[in-house]
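Numbering (the numbering used here), first residue to last: 1 to 353.
Treat the hints as calculated values from the structure; they're not laboratory data. Note that beta-carbon positions come from the ideal geometry of N, C-alpha and C, so glycine has one too. The hints are all genuine.
Per label pair, the in silico range of CB-to-CB distance:
1. Pro-174 x Thr-268: 40 to 46 Å
2. Ala-7 x Gln-306: 52 to 58 Å
3. Gln-313 x Pro-174: 41 to 47 Å
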Amino acid sequence: MSDLKSAYDLNYVTRLAASLGAGIEFIAALWPMLEGLEMKARTIALADAVHVFHGSSFAKSSGAIDVLFASGDWTGFDAWPLICVVERHGLDSPTESLQFLRKWTPVFTAEFAIRPYLHQDFDAVLAQLIQWASDENEHVRRLVSEGTRPRLPWGQNVKAIDENLEVILELIAPLRLDSSEYVRRSVSNHLNDWTKLHPARVKELLEGWGDSDEESWVKTRALRSLVKAGDKDALRLLGFNGAVTLVDFACSEQVSFPGYLEFAATLTNSTASDIRIVLDFAIEHQGSHGSRAPKVFKWKNLKLRQGETVTLQKRHAFKPITTRRYYDGVHHWSISANGSELARAEFNLHGVH
Numbered sequence: 001m002s003d004l005k006s007a008y009d010l011n012y013v014t015r016l017a018a019s020l021g022a023g024i025e026f027i028a029a030l031w032p033m034l035e036g037l038e039m040k041a042r043t044i045a046l047a048d049a050v051h052v053f054h055g056s057s058f059a060k061s062s063g064a065i066d067v068l069f070a071s072g073d074w075t076g077f078d079a080w081p082l083i084c085v086v087e088r089h090g091l092d093s094p095t096e097s098l099q100f101l102r103k104w105t106p107v108f109t110a111e112f113a114i115r116p117y118l119h120q121d122f123d124a125v126l127a128q129l130i131q132w133a134s135d136e137n138e139h140v141r142r143l144v145s146e147g148t149r150p151r152l153p154w155g156q157n158v159k160a161i162d163e164n165l166e167v168i169l170e171l172i173a174p175l176r177l178d179s180s181e182y183v184r185r186s187v188s189n190h191l192n193d194w195t196k197l198h199p200a201r202v203k204e205l206l207e208g209w210g211d212s213d214e215e216s217w218v219k220t221r222a223l224r225s226l227v228k229a230g231d232k233d234a235l236r237l238l239g240f241n242g243a244v245t246l247v248d249f250a251c252s253e254q255v256s257f258p259g260y261l262e263f264a265a266t267l268t269n270s271t272a273s274d275i276r277i278v279l280d281f282a283i284e285h286q287g288s289h290g291s292r293a294p295k296v297f298k299w300k301n302l303k304l305r306q307g308e309t310v311t312l313q314k315r316h317a318f319k320p321i322t323t324r325r326y327y328d329g330v331h332h333w334s335i336s337a338n339g340s341e342l343a344r345a346e347f348n349l350h351g352v353h
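Throw the hints in and build the complete structure from the sequences for me.
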């Protein structure tokens with residue numbers, strides 16, 4: 001987010017002032033307020049400044065923004081502070097504001113802006129979203145799914161969404177067959193959110209879906225968090241079934257930092273049919289006080305014919321990274337197939353400074 005805040009620099013403020021017909025006073029008052037702020041905070045400050053410039057009248061500020069958007073010169077992140085005006089200052093005019101968001105969500109997604117309206121009057125906005133779900137514009141249809149995500153990144157949490165799981169699922173489920181991948185991707189991300197809150201209900205929903213290309217694609221992405229966690233039901237829904245036999249395995253006993261953990265496994269399909277396997281490995285890292293925190297990594301997806309045997313090898317790097325601090329000591333390594341642990345071993349990491 002800090003890398004993106006440069007989108008709203010002095011050049012942006014100057015351009016915005018010129019487009020609004022504001023003078024140097026607008027720039028002089030606004031720019032010092034933005035310095036030091038991150039992107040979302042700058043977005044809010046810009047939106048508020050635009051609204052105040054129009055006498056704190058939403059009718060005037062939204063009218064001016066309508067003209068700017070119609071020019072075609074304000075799109076993408078350039079348009080976010082302008083959309084944000086509706087998010088922050090249009091709640092007293094919900095009908096006009098929602099129509100504004102529908103009209104201009106193609107210039108910048110209105111997924112954040114619609115959240116306060118869902119919080120204010122969930123039923124009224126839901127009625128609007130039901131209509132938008134069949135809108136001819138893919139951006140509007142995506143807004144239906146993206147705007148109602150239970151855990152929208154950067155978005156306001158809406159208690160009414162959490163309390164209306166079934167209503168929301170009924171709203172977005174038909175969009176899994178949408179002609180636009182842009183919309184289907186939103187549906188998959190939306191359902192992935194729900195798997196962290198109501199995993200059993202999402203799996204039940206997906207169980208009843210067909211196997212069209214569109215549904216299979218959405219289903220795979222929707223279950224990604226459960227698959228990463230080794231959820232057996234999620235793996236089964238994606239066609240990963242059957243048990244594999246671990247014939248042999250090996251794992252380094254010592255790893256010098258920086259260096260590599262090396263391991264191998266020989267697997268065989270001793271069942272009476274072909275099987276599909278998701279093979280994962282996990283590292284339980286030594287913590288600062290002796291605790292171990294597990295981290296799961298994807299290794300390989302396999303299809304094994306009846307009686308087929310395969311040997312796999314891998315190296316896992318231990319090197320300085322910004323997202324983890326390593327400690328000397330005993331670590332644990334394990335491998336699992338379709339969510340079932342097959343083997344576990346210990347190794348000693350040393351040389352960390």
